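K.L.:
Put chain B on the given structure of chain A with help from the hints.
2 protein chains.
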Amino acid sequence: MEVERKYLLSTLPPREILGRGVAIRQGYIDAADPEIRVRQKGSAFFLTIKSGGGLRRQECEVQIPPATFEKLWPLTEGARVVKTRYTVEHGGARWEIDEFGGTLAGLYLAELELASESETVAPPAFLPIVRDVTDDPSYKNKTLATRGLPRS
Amino acid sequence: MEVERKYLLSTLPPREILGRGVAIRQGYIDAADPEIRVRQKGSAFFLTIKSGGGLRRQECEVQIPPATFEKLWPLTEGARVVKTRYTVEHGGARWEIDEFGGTLAGLYLAELELASESETVAPPAFLPIVRDVTDDPSYKNKTLATRGLPRS
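Here the protein sequences line up with chains A and B, keeping their order. With the working numbering, you'll find the first sequence wraps up at 153, consecutive numbering, no jumps. With the working numbering, you'll find the second sequence wraps up at 153, consecutive numbering, no jumps.
Think of the hints as simulated: they come from the structure by calculation, not from any bench. There may be inaccurate statements among the hints.
Since the list gives no way to pick out one identical chain from another, each pair is judged satisfied if it fits inside one copy or across any two copies.
Said to hold, decoys possible - When the alpha-carbon atoms are kept at most 25 Å apart in a straight line, the in silico DSS-like pairs for lysine-lysine are as follows:
| # | residue 1 | residue 2 |
| --- | --- | --- |
| 1 | Lys72 | Lys143 |
| 2 | Lys141 | Lys7 |
| 3 | Lys42 | Lys72 |
Because the structure is a prediction, the values reported are computed rather than measured.
Only chain A is shown next, with the shape it has when bound in the complex (with noise of 0.2 Å):
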């Protein structure tokens, strides 16, 4: 089971901290149940099912010739997310800090992923954390690509 934080920001770390960023581009096809999401990771491409819930709970994630990603695309109008993901290694844990482009520019959000519930990770004095928004459905990239920026 994985647990994750994440927190919003109100701007982008500095840019050495942050080094080298990867462009991330996804999109739903179908954002309801099932989730049909394709993704563009750098140079890698990506279709994704996910259905159910609980023990009904379907996960599938394959790569995809640059071709099929280009034909599911045009499909996922209305409901993207572009973004640069940056990892910052610190303090033994891994942040993944997202800067989110096109409608949603100006949205910051950075995670962690954490080995158990009861853990707990001092966000680094780097990150300008506004708040935690772990709990949020709102920041979830599936309703951040349907519905944009949340008027927080």
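P.N.:
Relative to chain A, chain B alone:
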């Protein structure tokens, strides 16, 4: 491990044996690896992904809304199979008889699922069998969809 036997038929068995069939159309967004297929069977719609082989084999099938099917179907142009499937129970075995349509009209296949490699079932007399095509790749649905009728 599912074992199937597939037979080429010269024509369709008598209608009174077949009963009512169900309309199936399926098409391949990608016919390579991963294979990405959409299928309509009666009033139900499915998206299937198959990837890898052996231990890395992954297969995912989810039911999708009609609207999602209609978005994906145009991407399968040139790689489609349309058929009517009849299911006939005989001597404890369950036969699936496919009557193909479109550019594959005139093709009839009968399929039987066996519990093991060693099980044998004598095909019933009402099946006008030409020959066993279990191991002939040209009679796979994917090949029929992309290459059309085999020159037998």
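K.L.:
My question is about Lys42 and Lys72: at a cut-off of 25 Å on alpha-carbon distance, are they close within one copy, between copies, both, or neither?
P.N.:
Both, since 17 Å and 24 Å are each at most 25 Å.
K.L.:
Pop the pair Lys141 and Lys7 into one bin, within, between, both or neither, using alpha-carbon distances up to 25 Å.
P.N.:
For Lys141 and Lys7, the Cα distance is within 25 Å only inside one copy (10 Å; across copies 47 Å).
K.L.:
Is it within a copy, between copies, both, or neither that the alpha carbon of Lys72 lies no farther than 25 Å from that of Lys143?
P.N.:
Intra 21 Å, inter 19 Å, cutoff 25 Å: intra and inter.
When each numbered hint is compared with the structure, no violation occurs for any of them.
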